[in-house]
Structures are given as C-alpha cells and as structure tokens.
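One-letter residues, chain by chain:
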Amino acid sequence: MIASRPKKYGSLLKSSSPLPGFRLSLGFTVTYLTAVVLIPLVAILLRAVHNGRAAFWSAITSPRVEASYRVTLTSAVAAALLSALLGMLIAWVLARYRFPGKRLVDALIDLPFALPTAVAGIALTSLYSEHGWIGRHLEPHHIHVVFTQLGIILAMTFVGLPFVVRSVQPVLAEIDKSIEEAARSLGARPWHIVVRILLPVSLPALVTGTALAFARGVGEYGSVIFIAGNMPMKTEIASLLIVTKLEEYDYEGAAAIAVAMLALSCIVMLGLNLLQWRLQRREGKRA
Amino acid sequence: MTISLENIHKSFGSFVAVNDVSLTVSTGELVALLGPSGSGKTTLLRVIAGLETPDSGTVQLDGKDVARLSVARRGIGFVFQHYALFRHMTIFENVAFGLRVQSGKNKSSRGEIRERVEELLQLVQLDSYAKMYPDQLSGGQRQRVALARALAVRPEVLLLDEPFSALDAKVRKDLRDWLRRIHDELHVTTILVTHDQEEALEVADRIAILHRGALEQQGTPQAIYENPNSPFVYNFLGNVNLFHGRLLAEFAPKDENSDAEKPAESSIGFVRPYELEISRELPADAHAVLATVAQIHAIGPVVRVDLKVQGNTQPLTTELARSRYNDLDLKLGDELFVYPSTLRVFNDRLAVHEFFAQGAGI
Amino acid sequence: MSLLDRFKSRGVSAPIRVGRAFLLLLTLAVIVVFLILPLLVVFTEAFAQGWQVYKSAILQPDTVAALHLTLLVVSIVVPLNVLFGIAASWAITRFDFHGKNFLLTLIDIPLAVSPVVAGMMYVEVFGLHGWFGEWLSLHNWHVIYAVPGIVLATVFVTFPFVARELIPFMQAQGSDEEIAALALGARGFSIFWRVTLPNIKWALLYGTILAAARSVGEFGAVSVVSGHVRGRTTTLPLQVEMLYNEYSFTEAFAVASLLTLAAVFTLAIKTLIEITTERRADRDASGENR
Chain A
110 MIASRPKKYG SLLKSSSPLP GFRLSLGFTV TYLTAVVLIP LVAILLRAVH
160 NGRAAFWSAI TSPRVEASYR VTLTSAVAAA LLSALLGMLI AWVLARYRFP
210 GKRLVDALID LPFALPTAVA GIALTSLYSE HGWIGRHLEP HHIHVVFTQL
260 GIILAMTFVG LPFVVRSVQP VLAEIDKSIE EAARSLGARP WHIVVRILLP
310 VSLPALVTGT ALAFARGVGE YGSVIFIAGN MPMKTEIASL LIVTKLEEYD
360 YEGAAAIAVA MLALSCIVML GLNLLQWRLQ RREGKRA
Chain B
17 MTISLENIHK SFGSFVAVND VSLTVSTGEL VALLGPSGSG KTTLLRVIAG
67 LETPDSGTVQ LDGKDVARLS VARRGIGFVF QHYALFRHMT IFENVAFGLR
117 VQSGKNKSSR GEIRERVEEL LQLVQLDSYA KMYPDQLSGG QRQRVALARA
167 LAVRPEVLLL DEPFSALDAK VRKDLRDWLR RIHDELHVTT ILVTHDQEEA
217 LEVADRIAIL HRGALEQQGT PQAIYENPNS PFVYNFLGNV NLFHGRLLAE
267 FAPKDENSDA EKPAESSIGF VRPYELEISR ELPADAHAVL ATVAQIHAIG
317 PVVRVDLKVQ GNTQPLTTEL ARSRYNDLDL KLGDELFVYP STLRVFNDRL
367 AVHEFFAQGA GI
Chain C
937 MSLLDRFKSR GVSAPIRVGR AFLLLLTLAV IVVFLILPLL VVFTEAFAQG
987 WQVYKSAILQ PDTVAALHLT LLVVSIVVPL NVLFGIAASW AITRFDFHGK
1037 NFLLTLIDIP LAVSPVVAGM MYVEVFGLHG WFGEWLSLHN WHVIYAVPGI
1087 VLATVFVTFP FVARELIPFM QAQGSDEEIA ALALGARGFS IFWRVTLPNI
1137 KWALLYGTIL AAARSVGEFG AVSVVSGHVR GRTTTLPLQV EMLYNEYSFT
1187 EAFAVASLLT LAAVFTLAIK TLIEITTERR ADRDASGENR
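Residue numbers (the numbering used here), protein chains in the order written: chain A, 110 to 396; chain B, 17 to 378; chain C, 937 to 1226.
Misleading hints may appear alongside valid ones.
Once the Cα atoms are required to be at most 30 Å apart in a straight line, the calculated BS3-like pairs of lysine-lysine come out as [unchecked claim]:
#, chain 1, residue 1, chain 2, residue 2
1, C, Lys-1137, B, Lys-147
2, C, Lys-1137, C, Lys-1036
3, B, Lys-80, B, Lys-147
4, C, Lys-1036, B, Lys-123
5, B, Lys-147, B, Lys-123
6, B, Lys-186, B, Lys-147
7, B, Lys-347, B, Lys-324
8, B, Lys-189, B, Lys-123
9, A, Lys-211, C, Lys-1036
Worth flagging that the hints you see were computed from the coordinates, not collected in a lab.
Please model the complete structure; the sequences and the hints are all you need to start from.
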C-alpha cells in the first residue's frame, strides 16, 4: 500500500481516487443533508430566539417547563440505568451462551427498534394498568405504574434496552477465548476473570449503549405519552410539552424547549464521540 | 506499444514518492521496476496506468501524451497484488468482464466473448475452473485468473504490481517462470513491479532500479549485476542470502594511480561470496588475509564457509563448489588464506574501481 | 447495530452449568416480561371482542385510508433514502476529502434528536409562519398538515439507516475490485452496477428493511406535522393514537396488530439476512485458507 494519501487542499472538486462519481455523489449527499438537516436545524434555532434572548430564557425556565425537564431527565436516567443492568445481563447471555431458541431471543431484542412507538405505548399501558396482565399483580402491593413516573421509566426502558444490548454484545463476543484461557492458566478464578478482564473490556461499550439509551429516553414520545397520564408538573414529559405548546400556537415556546433538548442531545453526542475517540487512542497505544 | 516517461514527479503531501524519473520501454519488452518498499516503483506504475496523476512530467504511450486519458481508455491491463477478482462472479465471468463492458462498435458478440475467455483460460491452464468462484481457488490460481482477465481485452501494455508477493515461495517461482513463458508467447509490452531481486533478475529483459523515488540504474540483468554503479545497487542485487565479504579500509589499495581523489579509508570494497578465494598456502601473486574457519554450512550444492579474521568483528563468507570443498577437506578452526578474485571498491558512490587478483597491487 | 456488528456477535459458546442456567433463566424472564408480553397483549386486546369486531376495525374507511397513506409514504421515503445511502457511502468510502467527519455527524443527527423536535423543525421551515410558509400558501401548496410534510418528516427520521449500514461495510470491503473494473475499461455506472452492488446487496437490504420499518412506525415526528385530519393526513400509527384517545380500545389494538405484524415480519427478514451472510462469511473464511 502506498504512503497514506492526505486530503486535497484547494480543489474541492478534484478527488484523490481514480474512481468516477465523486462530484455527483458528494454533491447529492451535501445537497440532501443541507435540505433535510441543516436548513430545518437553523430554522428552529432562529425561531427559538425570535422574540429575543429574554423571551427564550423565560420560555425554557417557566415552572411547567422546568417540571417537564425534571420528569424527563430523572426518568431517562433511571431508565438508562435499568437498561444498563438488564441489557448487560442479556448481552452477556447472548454473547457467551448457546441454547435452543437463541436466534429467536436475539431477534426479539430488536423488537423495540422495529415496533412503532405508538403501539408500544398502548401495549405497555394495557399491560401495566390496573387489570392488565402485570398490573393486576402490582396493584395489591400499591405499586402503581400507569399514570406515574414509574410508567414513564418502564416505557423508556423498553425503547432503550436494545441500545445497551447491541452495544455490548459484539464486544463481549469478540473477546478472544485465548485471553480467558491465559488468565485461567495463570490461576485466575472465574470471578476474577469477570471482574478484571471482561467487565473492563465491555465497560466502554456499556457506557456508549447507556448513553444512547439515555438520549433515546429523553426524546421519546410515542411510547411514553399513553402510559404517563401527562399531568402537567407531575408526569408531563418535555416532548409532549412541545406538542402542547404547538397546539396552543406558542411556536416560540415550543421551539425554545426543542432547542434546549437539542442542546442536550448535542452534549450527549459530543460526550460520546469524545469518549470513543479517547478509547480508540488508548487501544491504538496498546496495539 | 512503447512507453515513454519524462521527468515524472509525484509527491503525497511532503513525501516525495517519485523524483524526476525518466524511462523508456520498447514494444514487447519485459521491464522490471525493482526496489525496496517506499522506492516509488508502485507509484510510477500507477502513474503509467493512469491511477495516479503525476505532479509534473509526461507519460507517452506510442508517442501520444496520455495525461488526459482515463485509465479505462489507455489500453492497459493491470494485475494487482491482491488479485482484486470480482468475488461474486465466476472465473468465466471475471475473465469476460472487460469484454462485456466494452461499448458500441468494439463490443464483441457473446460467441466471440466465450471463445476468447476459453482461449485465455486455456492459456493459464484453468479451463476446468470456469464455473467456480474465486474463493474456491488457491492464491496462485487466482493470480492466474487475474492475469487472464487483464489479457482478455488485448491490452497493449501489461502492468503488474508485485503480483506474486502475496504467494508462497514455491508458487512464486512457478508463476514467475510461467509469466516469462506467456510473455515470450504473446510479446505484450510488460512492466513488472517487484521488490524481489531474484524475480527481476530471472524474468526481465531490462531492470530499472528505484531507490527513494529516483532511478538508480537501468540495464539488462547481466549488465546491472556485473556492473552495479552504487553500493545500493550492489547491495540490493546479489544472492538471496545477501552475505558479502566486507573488507576494512586497510585492505583497500594504498598505492593507487591517478584517480583516487579521496584517501583510501573512505572507500569500501565489495566482494561476492563466490569471489572470495581460499587456499591453504599463501598465494604468490595476491594479497591475502589469514582467517580461521568459524562455521561450515555444507547443505546443498554450494558450501558456505564463515571465516573469522583477526581484528574483524564480522566474519567473511565464502561460497565454494562441493568438489572444491571436498578437495580442501576443511574443518572448524582450520587456518586459511583468504583473498578476493574480484574486488569492487566504491569511492563516494561514484567512482568504481575494480581490482583483480593478478596484476593490480592489492 | 449494523450488519457488520452482528457478525462479530456470533462468537462464543459455553457449556451450561448451574450458575449459568440461573442467569439464562433470569434473562429469559426479562425477555418475556419486557418483550414478549407487550407483543402478545396487542393481539389479545385486538381480538378481545372477537373476529368480527376486529375485521370491521381493520376495514374501516379511515383505517384503510391510513394504510394507504402509510404505504405511500414508505414508497417515497425508502427509495429516496436508499439513493442517499448509496451516494453518501460512495462519496465517503471511495474518496478522500475534508469535512468527512462533519458529514458523518450530520448523518447521525436524526438518531440523537427527539422525533417531536424533528417534526417541529419542518414546521419551522414549511409551516405558515415558517420560512417558506407565505410562498407556499401563495401557490396554494401545503406541506405542513399535508402529505408532503409527512414525507419530509419521515425522510428526516429514517435517512441515516441505509447510510449507516453501507458506510462501515463498504469501508471494510475496500475499493480494489472497483479499481480493477476501472482498469478493465468499465465506466462509472457500470462499475457500480456490476461490481459494487452485488457486493453490498445484503448490507443494502438490511439497511433498507430497517429504514422501511422505521418509516412505517414513525409517530412523534409525523404527529407534529400531520394535522391529524382523519382519512387524509393520518398514518397508521396516528390512527392508533386517535382510536385509543377516543376509548375505542379494541379498534386501536386491531390497527396496532397490523403494525405489529409488520414489525415481526421485519425482524424475520433481518434474521434471515443475518443467517445468510453468516453462512457466506464462514464459507469465505474457510476458502481463504487455501
């Protein structure tokens, strides 16, 4: 392989490869992205500050809005942690065990990805309601799920779980058996191997998956609104508040909240990229 | 087709891959571009192919400047180091590809394509593999398919980029011989890029040696081997095990005539192992050195003997025919006189002095 | 998780011992509670009042209209996104240029953004008070609260899927075969059609299935731009919501069951693709050793 090819300065339209189609493919891609992502993004940012910084600020700090942040964020964190726990368990079993029906289970993990959120929403509500299959066992213990924050957390967990599993599973599966065998030959007990070798290796993937689950939970709409009850100040999530404000024609208010949520998404994405970059560097050093 | 390269210059960022190289290849020649990795040989080949554009300089095929011609239109056939066969197509379809993508008046009929493909598969002796897929073939077979594929469109120039380096030694040798035979049959102008000097020496009509992007020397294998014009070339060519006898400066001639501009210490003498003579008696007309036998490698047709010279850290290596070895009846620790039959002294890379055992005052 | 990652997950097996059996059972319990039960309850509720009620709910004109709209949206969105995915991965994996990382980030944005926010963004551009709002109403073209808006919002949410499958895949494959084709005289589209496409077909299919499933099921973004006009700007998921909010629970679940079947179908095809590509990979790996 020849020396690495540095990017071409100066001429954006000349490519560094003899293959055809550079201008066409790049042009189409950039146009598409500008039209579909950039312009709408800019539009919403402008709308949010349409009435000035003060209005923006008050829009995102009014009590109802702040309550919705509290509900959304605390629920998303709790759901992410729960997803992390359950997801780790499932990823472990899927990556390392063989058992009949494994393919089926593996396929089912993606169900929350494939299922429309509205369907998930009504299904969960039905399950956990007073007379629902699960709800009826919880009622006697005074555990209310529907119309409480617990319901929100459960719905967010449902959609977040696959992120954790799919992040951790390949990492666990790729761990070379010979590393474990080497550890065992050096006298390590199963517990050691888990704690000292397997967990540290899967930790970055776990963090990534959990962060993704968190981000998904924060933005989730369809699967939450049915089970939540949507009581302002109590079980109203931020994304619902946006829709409510839109229906009240308070575009600036809605945009303000949306921008606040976008900022949060940005931070999470940046954090994730930073984490992955750091980890890649560490792997590079070790390699 | 003749190829003419003039003052080709190509850099990647701050790395100069090809530095002012000019080269001509005549029709029907098989030229090897030989050099270590990073010498620019692959870049030069890709410039000829049109896969890279030179920063400056001209590429002419049959006298026409081809700078504007894309690789698809230059009439070249390219064989890649890692075959680059189309994995989802059968061997037949792979070889037929170039014929099938031809457009307009050049397009051959299905019958013609089939004939041509079968002809080529027979040439590379893979006709029974036509319906198989690349992943069912061995590395050597795949490379033969790649060659057939490149030849299918009757290119006027065949360019091979280290085609055998990904293969086992034995397969490499076989394919090497086989490439030479095909070339003799077809007479297509061929340029072969390789880092294996044995390959270049055996296969090529002419060799161009590249070092750090510049053309060090070019000529027939024999010419280059016998008259290397720099330590680099000397070092690079030669026997595969690359052991040379290196003489210290003290052994370089002190009484030199006219053309020694530099003091004797700054020159290095090169001797091939088989040019290093040994004898039990002090030779009458040669300057010899006393050495002890340190190691004997008596496996194979040629016997290698390592000799330790007092004052030298590096042993000298000599090669002798079995019969001579048997005559000498050598044992470890024996003391012998060692002297070069031919000594090549490089003075500052430029001047080359050759000395022979008889005559010049060594 | 891309098709490439799924390969890597096939990995290790371990003999089942007591401790592991416990973990296994625990996992299965979680799977049942969290995944299987919701799946089952949809169908149970849908048929709670019997087959007749189910049938009439499905065949209701509003539902049929919603089905048509959903299919229309999918048939526009998926090809567009496939085109984008191919263009983006060709540009990104076959050439070097500045700003690649920026492009990749842009492609990831829809995955990080709440669907409601996504819908809002389009309201801002095309709505009455939006950038093009006046111009659009002058021409009497409606984007928001009309089908085009739904299409746009769905495009936003689903376009990363094909690209994100193709990019790592094409990156890993390398461009050797394409360059060889070029050297053999093939021209632009020919190279793509004859060499690239056959090699990427499984990853492409996988991404397309994901994108299709997502565009059928998108709810939040569509909800914002739709206007919820029965029979005209209501997709199937919206129809579910509307029925539910009117307390027509059984009808809501009946429509939901259609969507659930589509989801299960999607999972089945995904799994088939994975099985096929795994078998291929095993065959390639054993072939390499010759």
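Verification of the hints:
no.	hint	result
1	C:Lys-1137 to B:Lys-147	22 Å, holds
2	C:Lys-1137 to C:Lys-1036	24 Å, holds
3	B:Lys-80 to B:Lys-147	40 Å, violated
4	C:Lys-1036 to B:Lys-123	39 Å, violated
5	B:Lys-147 to B:Lys-123	23 Å, holds
6	B:Lys-186 to B:Lys-147	27 Å, holds
7	B:Lys-347 to B:Lys-324	13 Å, holds
8	B:Lys-189 to B:Lys-123	37 Å, violated
9	A:Lys-211 to C:Lys-1036	39 Å, violated
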